[in-house]
Amino acid sequence: MAADEVKLIGSWASVYVMRAMIALHLKSISYEFLQETFGSKSELLLKSNPVHKKMPVLIHADKPVCESNIIVQYIDEAWNSSSQPSILPSHPYDKAIARFWAAYIDDKWFISLRSILTARGEADKKVAIAEVEERTELLEKAFVDCSKGKPFFNGTDHIGYLDIAFGSFLGWLRVVELDAGHKFLDEIKTPSLSKWADQFCNDPSVKPIMPEITKLAEFARKLFPKPQA
Amino acid sequence: MADEVILLDYWPSMFGMRTKMALAEKGVKYEYKETDPWVKTPLLLEMNPIHKKIPVLIHNGKPICESLIQLEYIDEVWSHTYPILPSDPYHKSQARFWADFIDRKFYDPSWKIWATMGEEHAAAKKELLEHFKTLETALGDKPYYGGQVFGYLDIAFMGYYSWFKAMEKFGEFSIETEFPKLTTWTKRCLERESVVKALADSDRIIEYVYVLRKKFGA
Numbered sequence: 001m002a003a004d005e006v007k008l009i010g011s012w013a014s015v016y017v018m019r020a021m022i023a024l025h026l027k028s029i030s031y032e033f034l035q036e037t038f039g040s041k042s043e044l045l046l047k048s049n050p051v052h053k054k055m056p057v058l059i060h061a062d063k064p065v066c067e068s069n070i071i072v073q074y075i076d077e078a079w080n081s082s083s084q085p086s087i088l089p090s091h092p093y094d095k096a097i098a099r100f101w102a103a104y105i106d107d108k109w110f111i112s113l114r115s116i117l118t119a120r121g122e123a124d125k126k127v128a129i130a131e132v133e134e135r136t137e138l139l140e141k142a143f144v145d146c147s148k149g150k151p152f153f154n155g156t157d158h159i160g161y162l163d164i165a166f167g168s169f170l171g172w173l174r175v176v177e178l179d180a181g182h183k184f185l186d187e188i189k190t191p192s193l194s195k196w197a198d199q200f201c202n203d204p205s206v207k208p209i210m211p212e213i214t215k216l217a218e219f220a221r222k223l224f225p226k227p228q229a
Numbered sequence: 001m002a003d004e005v006i007l008l009d010y011w012p013s014m015f016g017m018r019t020k021m022a023l024a025e026k027g028v029k030y031e032y033k034e035t036d037p038w039v040k041t042p043l044l045l046e047m048n049p050i051h052k053k054i055p056v057l058i059h060n061g062k063p064i065c066e067s068l069i070q071l072e073y074i075d076e077v078w079s080h081t082y083p084i085l086p087s088d089p090y091h092k093s094q095a096r097f098w099a100d101f102i103d104r105k106f107y108d109p110s111w112k113i114w115a116t117m118g119e120e121h122a123a124a125k126k127e128l129l130e131h132f133k134t135l136e137t138a139l140g141d142k143p144y145y146g147g148q149v150f151g152y153l154d155i156a157f158m159g160y161y162s163w164f165k166a167m168e169k170f171g172e173f174s175i176e177t178e179f180p181k182l183t184t185w186t187k188r189c190l191e192r193e194s195v196v197k198a199l200a201d202s203d204r205i206i207e208y209v210y211v212l213r214k215k216f217g218a
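Line by line, the protein sequences give chains L and B.
Numbering-wise (my numbering), the first sequence opens with residue 1 and increments by one.
Numbering-wise (my numbering), the second sequence opens with residue 1 and increments by one.
Don't read these hints as lab results, they were simulated from the structure.
Model, not experiment: these values are computed from the prediction.
Accuracy of the hints is not assured; some may be wrong.
[Said to hold, decoys possible] Listed next, the in silico DMTMM-like pairs over lysine to aspartate or glutamate satisfying Cα-Cα at most 20 angstroms (straight line):
{"#": "1", "chain 1": "L", "residue 1": "LYS108", "chain 2": "B", "residue 2": "ASP108"}
{"#": "2", "chain 1": "B", "residue 1": "LYS112", "chain 2": "B", "residue 2": "GLU207"}
{"#": "3", "chain 1": "L", "residue 1": "LYS141", "chain 2": "L", "residue 2": "GLU187"}
{"#": "4", "chain 1": "L", "residue 1": "LYS53", "chain 2": "B", "residue 2": "GLU130"}
{"#": "5", "chain 1": "B", "residue 1": "LYS33", "chain 2": "B", "residue 2": "ASP201"}
{"#": "6", "chain 1": "L", "residue 1": "LYS54", "chain 2": "B", "residue 2": "ASP100"}
{"#": "7", "chain 1": "L", "residue 1": "LYS54", "chain 2": "B", "residue 2": "ASP103"}
{"#": "8", "chain 1": "B", "residue 1": "LYS52", "chain 2": "L", "residue 2": "GLU137"}
{"#": "9", "chain 1": "B", "residue 1": "LYS105", "chain 2": "L", "residue 2": "ASP106"}
{"#": "10", "chain 1": "B", "residue 1": "LYS52", "chain 2": "L", "residue 2": "ASP106"}
{"#": "11", "chain 1": "L", "residue 1": "LYS54", "chain 2": "L", "residue 2": "GLU43"}
{"#": "12", "chain 1": "L", "residue 1": "LYS63", "chain 2": "B", "residue 2": "ASP100"}
{"#": "13", "chain 1": "L", "residue 1": "LYS108", "chain 2": "B", "residue 2": "ASP100"}
{"#": "14", "chain 1": "L", "residue 1": "LYS195", "chain 2": "L", "residue 2": "GLU140"}
{"#": "15", "chain 1": "L", "residue 1": "LYS27", "chain 2": "B", "residue 2": "ASP88"}
Using the sequences and the accompanying hints, generate a full structural model.
Encoded structure:
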C-alpha cells in the first residue's frame, strides 16, 4: 500500500461505517471501500480488528483504526490542513459537549431505538417508544444549545462530529418510524431537529452515501426478524 | 480572572481518580467536593442532569461530564504543560481505542467479580482475566502505555488500580503472578505523586465492597 493509501472496511447498511465515510467525504479523501459480506467476516477485518472483530476499520498507510467515533476524530486530526473543514469544534468546551452527546447517542439513545426493533409484544414496544421520545427531546434541546443559531450541531455552517454521530442514524430512524408507525422527528415535536435532519441528509458529503430507506427496511427485516406468532 | 475549577467526585470512584491524576499532572488547583452519587444533591443534578453521576469537572461554572472526556478537556485547556495525549493522530487513536476497551469491556467483569456468585461469578472471572491479558499484551515491553511517557491510557487504566486488590480477593487470583508486565507497569506509575495522591487505599475499597455486596444481596 502506498504511504497515504486509505481503505475502509464496512457495509452499506452500517451507521458506524457511514460515519467514517461522511468524514472521508468531508475531507475529500479518496479511499477504497471494502464491502463486507453479510453473515461472515473477512480475513482482513479479523486481522485489522482482532479485539472487536467489527466494522468499520479504517486502514491508513497499513495501520488500522477502529471504532467509528475514534475513526472520525482520527480523520479530522490526520487531515487537518486549513483548506479542509474541521470536524470537531475548535473550542475545548464545545469539543467536550460534542463528545458527551455523541457518547449519549450511542450508549442511551440508540439502545432505546434498537429495543423497538427487538421488542417482544406491544407493551414492550410502547415502553421503548416512550423512552426514544424522551431521549430525542433531550437531543432537540442539545441541538438548540450546541448549534448557537447555526444550521448544524457543530455550531457552524458545515456538518461536524456530532452531526455525523447522530445524522448517521437518520436512515435507521426512518425505518424504525415506519415499523413502529410512530414519528420521532417532526416539525411540531422536534422543530429544530426536523429542519436539521433535512439539511444533513442533503449535505453533499452525506447525500450520495445515505442508504435507500426501502433497501434498509428490507435489510432490517433480515436482521430483526419478527417472532412467529 | 483566575480559573475556578471544582471537581465533584466520590472517594472510591475509579473515574474520579483519573480526573484527579490528570489535574495533578497539569498542576491545576481545584476545589474537591465529596459527592455521594446515591444522594443526588442539587449541585450534582444541576451539573449532570442527564446521567446524575460523578465525576463532574466544573470549569468557570461550566460542567464537563464523563472521565475520558474530562481527560481530553484538561489536556486541551492546560495545553502549555505536560501533554497527556500523544500528539501523533495514530497514537492518539490507539490510546482512545484502548481507553474505550477498558470502559466497555473491562469495567463490567471488574465489578461483577465481587458482586456476583456462582455461574455469573465464574463467567466474570474468566472474562476479567482475558481482558487483563489483552491489556497486558497491548502494553508489551513499553515502560508506559504512552510509550516513554506516562499519559492518557496509563491514567485511564491506573484509575482502576485501587480496585485491583478487591478483584484479586474476590476473584482468587494474583495479578503479580498472572500479569508480571502489568505489575511492573503499576509499580512504575506508583512512583508518580499525581497517581499516589489520586488513589484510594485498597483496603478501604475492600471494606466498601463488603458494604456494596450487602446492598446488592451478594
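Status of each hint after checking the structure:
Of the pairs offered as hints, the one joining LYS108 of chain L and ASP108 of chain B holds, with about 17 angstroms between alpha carbons and a cut-off of 20 angstroms not exceeded. The hinted pair formed by LYS112 of chain B and GLU207 of chain B meets the criterion: a straight-line CA distance of about 16 angstroms does not exceed 20 angstroms. Note on LYS141 of chain L and GLU187 of chain L: the hinted pairing holds, with a Cα-Cα distance of about 14 angstroms set against a maximum of 20 angstroms. Restraint check for LYS53 of chain L and GLU130 of chain B: satisfied, since their Cα atoms lie roughly 16 angstroms apart, inside the 20 angstroms limit.
For the proposed pair LYS33 of chain B and ASP201 of chain B, the alpha carbon gap of about 19 angstroms is at most 20 angstroms, so the pair holds. Straight-line distance between C-alpha atoms of LYS54 of chain L and ASP100 of chain B comes to about 14 angstroms, which keeps the hinted pair within the 20 angstroms bound. Our distance criterion of 20 angstroms between C-alpha atoms is met by LYS54 of chain L and ASP103 of chain B, whose separation comes to about 17 angstroms. Between LYS52 of chain B and GLU137 of chain L, the direct Cα distance comes to roughly 18 angstroms. Compliance with the 20 angstroms bound is thereby established for this hinted pair.
The straight-line distance between the Cα atoms of LYS105 of chain B and ASP106 of chain L is roughly 15 angstroms, inside the 20 angstroms bound, and the hint therefore holds. Restraint check for LYS52 of chain B and ASP106 of chain L: satisfied, since their Cα atoms lie roughly 18 angstroms apart, inside the 20 angstroms limit. For the hint linking LYS54 of chain L to GLU43 of chain L, the alpha-carbon distance of about 12 angstroms falls within 20 angstroms, and the restraint holds. The hinted pair formed by LYS63 of chain L and ASP100 of chain B meets the criterion: a straight-line CA distance of about 19 angstroms does not exceed 20 angstroms.
A hinted pair counts as satisfied when its Cα atoms are at most 20 angstroms apart, and LYS108 of chain L with ASP100 of chain B qualifies at roughly 16 angstroms. A hinted pair counts as satisfied when its Cα atoms are at most 20 angstroms apart, and LYS195 of chain L with GLU140 of chain L qualifies at roughly 11 angstroms. A hinted pair counts as satisfied when its Cα atoms are at most 20 angstroms apart, and LYS27 of chain L with ASP88 of chain B qualifies at roughly 19 angstroms.
Against the hints set out earlier in the document, no violation occurs for any number.
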